[in-house]
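Those letters in the sequence shown? Residues -18 to -1, 1 to 313, by mature numbering (1 follows the signal peptide of the UniProt record, and there is no 0).
For lysine to aspartate or glutamate, the following EDC-like pairs were computed, each having C-alpha atoms within a straight-line distance of at most 20 Å:
1. Lys143 to Asp41
2. Lys310 to Asp248
3. Lys229 to Asp141
4. Lys310 to Asp184
5. Lys300 to Glu88
6. Lys278 to Asp264
7. Lys128 to Glu105
8. Lys310 to Asp179
9. Lys42 to Glu144
Restraint ranges, calculated between C-beta atoms of paired labels, are given here:
10. Glu238 to Gly69: 47 to 53 Å
11. Asp179 to Arg53: 46 to 52 Å
12. Ala182 to Tyr140: 29 to 35 Å
13. Gln52 to Pro136: 23 to 29 Å
14. Lys174 to Ala279: 19 to 25 Å
Worth flagging that the hints you see were computed from the coordinates, not collected in a lab. Please read these numbers as outputs of a predicted model, since none were measured by experiment. Glycine included, each C-beta is placed from N, C-alpha and C at the ideal position.
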Amino acid sequence: MIAVMLTLVLLLSACGQAANQGNAPASTSAEVTKSTNNDSVVASSEPAADAGYWTYQSDKGPVQIPRNPQRVVIPVQDFIGDLLTLGVTPIAVAGNDILNHPYFKEALTGVEVVGDDMTVSLEKITSLEPDLIITYQEDTYEQISKIAPTVFIPWGKYDYKERLIEIGKILNKEQQAVKWVADFNQKLEAKKAELADLIAADKKVAIFEIAGKELYLYGSSYGRGGEIIYNGLGLHAPDLVQEAAFKEGWASLSLEALPEYLGEADYIFQGFSRGVEQDKLDILDSVFWQSLPAVKAGHVFTYDLKTYYLSDAYALDKQLDEIVTLLKSLQ
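When you get a sec, could you build the whole thing from the sequences and use the hints?
Structure below.
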């Protein structure tokens, strides 16, 4: 058997993920930038406890946060959709790409950018006078928490439903969050019913990605529609994919291993994250890819990584509709 090489995931962004869930796994450290002559960016602004604040028990300890925050900054590329789902528009986010994301472009019109997911500007954040910051970046937490009350939510601590409810608590929107989860559960059951007569329970679905010359499998917790395909719709991965990719969220494999790991897949969701076009063509033209039953049957769906790397409530709601439509289109 050709072994899949598993490597340790450093979950920093999205599809989180040392660079992002949107990128193939890599190891990076977040950075902050600040003006060399602006000492005020590190001046503490922690509020005194009063009727307008309450104590939230975060993973970094207790923090006084406003009961009804009005100026929320999200200096990362995830969590944004969770806020939008709860009717809260952040005043600033990380990453110009997010502002142009197909799901968020309209909702984030006029929102400021405070850097990218790995490098944020303390000076820019300070100038916006936020009353609450929410992040999962360990490396920048200490500096950012000196600007305004900051809640640290470790990436991967919650699934998307649990995280929405937790963010709902933070934003004083818990009832809205609980209602969304209940409504979404009903929607999932309805979508599963739509597929029940079309896709047999024993059919297998795999998520596969080409990143240059590197190949990856993905599980149920690393974006790319996995939360919907596996957790939401209850579809199953081939056994070897389950063993290799579900614990860490992803796994790398060789070209020669494709038949072994994807040979049992009846459907393949395929993405491309980086690399030159010729590398992709070489892989897709190879006998290892062309021999796969799902490829021969035309049961391969190409997902847009820019659209599918996120796994927040807002994005997953849209992915659910799209994934079910794709699966139904082949019947």
